[in-house]
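Colleague: Residue strings, one per chain:
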Amino acid sequence: PPETRAAARAPPRSGPAPVTDVDKLCVCDLLVAQCDVNCCCDPDCSAEDFSLFTTCSVPIVTGDSHLCSQKAAIYSLDVEANPPERIFKLIDQVNPSVFCIHTTNYKQALFLSSPEMPTSENFDQLLKQFGSASFSAEPDSWSMNTDAQNPSDENETYRYKYGVPIQTADAFLRLPSPVVSSWCSDANPAGFLVNQATKCIRSVSVEKCGNIQAVSMLFYINSSILAFVLQVNITVQSIVVQSLNGMRTLLNGSDVLRLPMILDELCVNIVLGVSYHITYTDAGEIIEAAAAFVLGAINKETLSIQQSFEISFTQVNTKPVPLSGNPGYVVGLPVRAGFRPQGYPFPIDIFFAALVLNTNKYSQLTILQSTSNQDCLAAQGARTPILFGYNMISGCKLRITAAMKCQPLTQTLLDLLKGQSFPEYVASFGNSQAQDVLDWVPITHLHISEQRIYNTFQSLCQIPVSLEMEVKWTKYGSLVNPQARIVNVTATITTTTLKQLPSGRERTIPITSSVVFTDISSPAEPGYKAWPTINAKLPFDFFFPFV
Amino acid sequence: NNSYQLSSVPLQIVFYVNGIYYIFYFLATLAMIVYKCQVFSYPHEFLAPDLALLFVMAILELLRLYLGSMGNLTEEEAPLALSLVIMVGSVILSVYFLVWQTYVLKADVIINAVLLFTYGIESVLQVIAIATFFG
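Residue numbers (the UniProt record's numbering), protein chains in the order written: chain A, 1 to 547; chain B, 1 to 135.
Everything labelled a hint here was simulated from the structure, so no lab data went into it.
List time: in silico SDA-like cross-link candidates among lysine to any residue, alpha-carbon distance up to 20 angstroms:
no., chain 1, residue 1, chain 2, residue 2
1, A, Lys107, B, Ile33
2, A, Lys107, B, Tyr35
3, A, Lys24, A, Lys89
4, B, Lys106, A, His102
5, B, Lys106, A, Gln93
6, B, Lys106, A, Asn105
7, A, Lys107, B, Lys106
8, A, Lys208, A, Leu244
9, A, Lys161, A, Asn188
10, A, Lys107, B, Tyr96
11, A, Lys208, A, Ile262
Construct all of the structure, not just a fragment, from the sequences and the given hints.
Modeller: Put into structure tokens, the structure is as follows:
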């Protein structure tokens with residue numbers, strides 16, 4: 001079509017044309033449509049403006065002074081006249097030197113070259129010429145230098161840094177993950193110290209049971225990870241078998257490699273989930289790798305299965321407790337808490353952490369979770385972890401009937417508000433280790449009772465109606481990178497009296513639970529270096545003849 | 001004695017002066033090209049033709065002066081005619097250095113004008129000498 005052809009032939013855009021007429025060039029004309037002070041060449045200035053000037057800031061505008069003959073615009077103020085007026089002269093300035101340029105056949109000699117406008121045609125060439133750190137006349141010498149540096153780095157390749165893909169003997173440790181759609185892509189490498197959990201769908205069928213590599217255990221453990229001078233084999237940590245109806249059983253002997261095979265028109269030993277656990281040292285070397293499998297079975301109607309993959313990293317000789325920050329708490333990560341068991345001077349969450357590798361409610365501070373039906377007694381103990389920095393409030397409604405007894409109700413409400421195992425200590429830093437006792441802050445309990453004045457003579461039933469937790473935190477560390485540190489945790493239980501109801505009547509009281517984070521950081525103090533002192537002492541024998 | 005000598009003395013003088021002047025011209029043009037390289041922007045694709053033509057001109061000049069001088073002294077027409085033909089090339093090259101060079105300085109204009117003036121006198125004298133030798 002002619003319109004597209006005309007558009008394709010449109011000339012490439014270029015920069016604005018340079019101004020070369022000396023009578024139109026004015027360097028001091030900075031304000032648009034306004035007169036610049038003492039700028040005699042400004043076209044926006046009128047004769048009255050010129051009469052107010054004291055001097056001309058730009059007395060002469062010339063072209064290249066190398067030329068033998070060039071035009072020059074001379075501006076001057078005639079202060080003798082009343083009022084002062086501007087004089088503008090256009091003359092030919094002659095360069096007396098015998099080496100002045102008479103003519104030149106090289107047009108770019110006298111002008112600064114305007115840069116090329118990048119278009120789709122010349123972009124690659126411009127990028128090659130100007131795209132690197134320096135415009136070297138010998139670009140090949142740069143690439144030769146970087147090649148020479150590589151052999152010295154080879155010793156460092158097997159010390160991993162954060163995010164570096166974990167290398168195996170043939171390629172990278174794969175963690176299949178969904179890329180564009182939900183289908184599994186096997187090309188996702190696992191990064192060192194990057195805990196990932198992915199789920200994706202793979203298409204399977206009973207006929208191709210033994211042929212699909214990605215559903216066989218061998219695919220995930222036959223590569224050995226390259227560690228520093230060693231090759232670490234991936235061991236099978238545990239195998240869980242999931243039946244067709246979803247029930248999972250843990251197998252006892254986990255040394256046997258179970259490959260997919262057809263059994264009773266089902267394809268069994270299909271990998272439904274792999275969980276890698278990599279152990280590393282603080283020098284960045286991987287020393288151990290284990291994989292826990294979930295195997296399942298598919299029948300003839302199954303066309304696709306969902307596989308879930310996970311990788312987690314544990315430092316050697318530590319327990320794999322998930323950190324909520326390093327070292328300060330990160331907003332949005334759960335507040336870590338723990339107990340001091342009887343007889344032990346340190347919190348117990350190391351024991352809990354050894355059993356389960358994911359976060360669970362035993363090592364976190366939790367708050368009551370509101371349910372949709374808002375009935376306290378039907379809440380069934382749902383709790384949600386308290387995330388650092390997020391003030392939360394939740395609650396439920398308690399329906400009190402006449403038949404309820406005080407003491408069981410009090411105990412039920414306390415369990416509801418505090419949960420099954422309310423911790424005693426909260427970690428002050430996100431990475432506090434269980435063995436550092438001083439890094440844990442004890443929870444202070446307060447008790448407020450709403451007493452009605454006219455009921456002081458009778459010891460009535462007091463039921464807890466609200467639990468307010470206040471977490472005071474401060475900024476710790478340097479001014480440019482402050483870390484959040486929990487200083488104080490207070491749990492306040494408010495109780496109210498429960499009046500005895502006449503039989504048959506019901507009453508609904510709200511129960512609330514809240515957590516508030518308060519920043520009590522003191523203002524930062526700048527730290528200055530000490531002033532240098534002048535060390536001026538006279539020499540010992542300065543007053544020699546007299547002393 | 002003069003009536004039997006056909007060699008033209010003025011032509012020989014002009015050849016001699018031309019030779020000396022050309023040595024000066026060659027060194028001056030070379031020095032000015034070096035000066036232009038330092039002071040102005042002189043890319044390689046413009047510098048190479050200028051230098052090449054300067055050296056070609058030197059060779060042509062050498063040849064032309066030798067042939068002309070020999071032809072004049074031996075009173076032969078052929079070398080003189082050949083020298084005249086080569087002069088055409090020299091004239092073109094001199095015009096190049098006067099007008100079509102990358103940078104034409106005022107000094108370039110002066111020395112090329114003097115060279116062309118010398119060529120003019122020389123060509124007239126050469127034609128007269130050839131006519132004399134024919135006759």
